[in-house]
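Novice: Below are the chains, spelled out letter by letter.
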Amino acid sequence: MIVQVAQAGTLESSDCLVTVSPAPGLELEWRGPSASLFAGRNRSLVETVLAEKGLEGAKIIVQDQGALEVTLRARIGTALDRARKGANR
Amino acid sequence: MRAILRSMLYIPGNSPSMIQQAPVFGADSVLLDLEDAVALSEKDAARDLVAAFLKTLDFGGQVVTVRLNGADTPYFEDDLRAVIPCRPDAVRLPKCSSPQDVRSCDALMTELERKNGLEPGTVKLHAMIETARGLSNVQAIADCCPRVTALTLGGQDLTADMGVRKTREGTELFTARCLVALAARAAGIAAFDTVWSDVNDNEGLLEETRTVIGLGFTGKAAIHPGQVAWIHRAFIPEPGEVTKARRIVEAAEAAEARGKGVIAVDGKMVDAPIVTRARHTLEMARLAEEVL
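These protein sequence lines are chains A and B, in that order. Heads up: the first sequence at position 73 corresponds to 82 in this note's numbering, and the numbers run straight through without jumps. Heads up: the second sequence at position 193 corresponds to 712 in this note's numbering, and the numbers run straight through without jumps.
Please note that a few of the clues may not be correct.
For lysine-lysine, the following DSS-like pairs were computed, each having C-alpha atoms within a straight-line distance of at most 27 Å [stated by the list, open to error]:
no., chain 1, residue 1, chain 2, residue 2
1, B, LYS574, A, LYS62
2, B, LYS643, B, LYS574
3, A, LYS94, B, LYS634
4, B, LYS562, A, LYS94
5, A, LYS68, B, LYS562
6, B, LYS634, A, LYS62
7, B, LYS763, B, LYS787
8, A, LYS62, B, LYS562
9, B, LYS574, A, LYS94
10, B, LYS634, B, LYS574
Only part of the chain A face toward chain B is listed, based on derived beta-carbon distances under 8 Å [claimed, not checked]:
no., residue
11, GLU21
12, SER22
13, SER23
14, ASP24
15, ALA76
16, LEU77
17, VAL79
18, ARG82
19, ALA83
Derived by calculation from the structure, the hints in this document are not laboratory data. Just so you know, these numbers come straight off a predicted model, no measurement behind them. Cβ atoms here follow ideal geometry from the backbone N, Cα and C, with glycine treated the same way.
Starting from the given sequences, assemble the full structure and let the hints guide the process.
Specialist: Next up, the structure:
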C-alpha cells in the first residue's frame, strides 16, 4: 500500500525521475519524447512493476530522459518501495 | 570470461548512463560500485539499478564485479541479497580486515547461492585491503577461503587509516603494495592495485602502473574510462621481449613434441617458469592487439 509521496531517479540523460503518490487505481503521467511513441509499452511496464510489488494503485509521474527499459523498471520499483515504506509500521 | 584482467573500471552504481555504456569502455572488467560512489540516500536505488542491469545487460565477456557496502554498514546484507541471485562474476568486500570478515561474507553468500539454485562458490569474492589491520592479516585473508580469487589494494582508505598523506610518488604505499602482491602470488590469485586519482595525469598513471606490474600486481583499478587504455599500455611487452618469448615458446613446444623436458634457447637453458613467463608475455602482446 502506498502511504506517502516518494521519488526515485534523476533528470540526467539516460535516467528518469519517478514520482509516486497514493491513489486508488493507476494514474499514469509520462513526460518526455517517449510518452506518445511508446505509450502502450509505458503503461504495460508500469502495470507489470505494480503487479510485481503486489500493488493495485498509485499515481505515477515519469519524467523520462531517454532511459532504457531496464532503468525505467528499476526506478519505478525503487519509488514504489520508498512510497510504501512505513505502511506496516 | 577473460582470464587476464589488466584493468578494472569503477562504474557508479546509481548512474544508468555509465552502466549501460560499461561494455564499450574497453576495460577487461568493470566494478559496479554500491559503496563510495553512491550517496547514503541513494543506496536502495543503486542496489535496484545494479541488480536490474546485472539481469539484463550483455557485458560482452567482461568480468563483472560489484563493490558492496562494508559489512559494518546497514546496507551490506541487502546488497548481497539483491546481487547474488543476479550472479555477477564476483563481489568486492571493502575494508576486509581479517579472515573472519571473509568467512562471514562467504557464509551469507553460500546461503544465498543455495537459496537461488546456484552452486556454492559460484560468485567469487575480491577482498579489499584498505586498513592497517587488513594489511597485517593479508596472507591469512588470501588463504582463508577458496572463494577469494583476488586481493585489491585500497590506497585512499589505507593511507587515511595509517594517518599518512597519499602522494603522487606513492612511497607511503610501497610496503602495502609489496605485501598485497606477495600474498596474492603466494595464494595463486589476482592482485589489483588502487586507483590513480588524477584523471588529468595519464603519464603518471602509466608510470605507476608499470611500477606496480614490476611489484607483482596483475591489474589496476581505473576511475575514469579514459584511464583504461593507459593501464593496458603499461602491460604491453617490449618488441624484443615478444620476439624472445616467441622463440622460447616455440622451442618448448618443439621439445615437448619430441618428448624432451629441457630446452636451450640462444645457448641458455630454459626451464618451466621461464616458459610460463614467455607464454604470459605473448598473451599480453596478443591482448594489446585486441581491438574492440
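Novice: Take the hints in turn and mark each one as holding or not.
Specialist: To see whether the hints hold, each was checked on the structure:
| no. | hint | in the structure |
| --- | --- | --- |
| 1 | B:LYS574 <-> A:LYS62 | holds (18 Å) |
| 2 | B:LYS643 <-> B:LYS574 | holds (17 Å) |
| 3 | A:LYS94 <-> B:LYS634 | holds (26 Å) |
| 4 | B:LYS562 <-> A:LYS94 | holds (15 Å) |
| 5 | A:LYS68 <-> B:LYS562 | holds (24 Å) |
| 6 | B:LYS634 <-> A:LYS62 | holds (21 Å) |
| 7 | B:LYS763 <-> B:LYS787 | holds (12 Å) |
| 8 | A:LYS62 <-> B:LYS562 | holds (19 Å) |
| 9 | B:LYS574 <-> A:LYS94 | holds (25 Å) |
| 10 | B:LYS634 <-> B:LYS574 | holds (17 Å) |
| 11 | GLU21 | holds (7 Å) |
| 12 | SER22 | holds (6 Å) |
| 13 | SER23 | holds (4 Å) |
| 14 | ASP24 | holds (5 Å) |
| 15 | ALA76 | holds (6 Å) |
| 16 | LEU77 | holds (6 Å) |
| 17 | VAL79 | holds (4 Å) |
| 18 | ARG82 | holds (6 Å) |
| 19 | ALA83 | holds (4 Å) |
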